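Sequences listed follow chains R and V, in order.
Here our numbering is used: the first residue of the first sequence is 1, the next is one more, and so on.
Here our numbering is used: the first residue of the second sequence is 1, the next is one more, and so on.
Hints are computed from structural coordinates only; laboratory data are not their basis.
Take these hints with a grain of salt, some might be off.
Unchecked claim - A few chain R residues facing chain V, derived, Cβ under 7 Å:
#1 Gly42
#2 Leu43
#3 Ser73
#4 Asp108
Just so we're clear, the structure is a prediction, and the values are computed from it rather than from any experiment.
Ideal Cβ positions, reconstructed from N, Cα and C, are used throughout, including at glycine.
Here is how the chains run, residue by residue.
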Amino acid sequence: DGGITQSPKYLFRKEGQNVTLSCEQNLNHDAMYWYRQDPGQGLRLIYYSQIVNDFQKGDIAEGYSVSREKKESFPLTVTSAQKNPTAFYLCASSTQGQIPNQPQHFGDGTRLSIL
Amino acid sequence: AQTVTQSQPEMSVQEAETVTLSCTYDTSESDYYLFWYKQPPSRQMILVIRQEAYKQQNATENRFSVNFQKAAKSFSLKISDSQLGDAAMYFCASKTFTSGTYKYIFGTGTRLKVLA
């Protein structure tokens with residue numbers, strides 16, 4: 001079955017440390033997204049990518065970085081510059097207009113906490 | 001700016017009863033799509049129902065239906081015969097084509113409690 005795999009499910013970060021969250025999809029989707037979810041704030045867009053080797057900042061990109069070297073993969077790095085990284089992170093993917101009414105598909109998320 | 005607003009942070013419903021979750025949106029685009037997602041305690045985002053803006057008929061998926069009022073920019077979700085498994089966070093979302101890309105906007109969510 002096709003889907004999106006996020007790993008790890010739980011991640012702990014020490015002060016001053018960079019950590020990378022993995023997101024892999026086998027849906028053959030062109031577009032991929034990273035969201036941050038905090039209580040009472042819904043989903044906020046961190047970065048998105050419409051095509052390999054290209055990505056754009058979302059609403060809260062500061063302290064995060066991404067890469068898109070392969071269509072299937074869109075890893076997110078939470079850098080030490082992100083002072084409040086504790087949150088639930090969701091990765092999503094979607095088609096790019098071939099079927100306009102298609103929604104985003106989501107992974108199961110990664111819970112990041114500060115040690 | 002495009003927005004999606006869910007004005008009910010929390011709702012409760014008795015098992016087997018009907019509940020309606022509210023959602024309003026704002027967009028200047030004429031072509032857009034609306035979705036309701038369910039997020040149970042497992043945190044997985046599950047698509048509940050979708051509505052194309054160009055369709056006048058309200059979407060229905062089993063016990064879930066929407067009341068789409070395009071002029072009022074309202075997109076409420078009705079859950080009939082509520083079940084304990086319906087307890088979750090529900091997010092309303094819009095999808096619009098803006099500046100050459102599809103843009104997704106999510107509301108802040110409504111937590112639904114189902115009482116036995």
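Provide an ascending list of the numbers of those earlier hints which the structure does not satisfy. Per hint list: single violation, 3.
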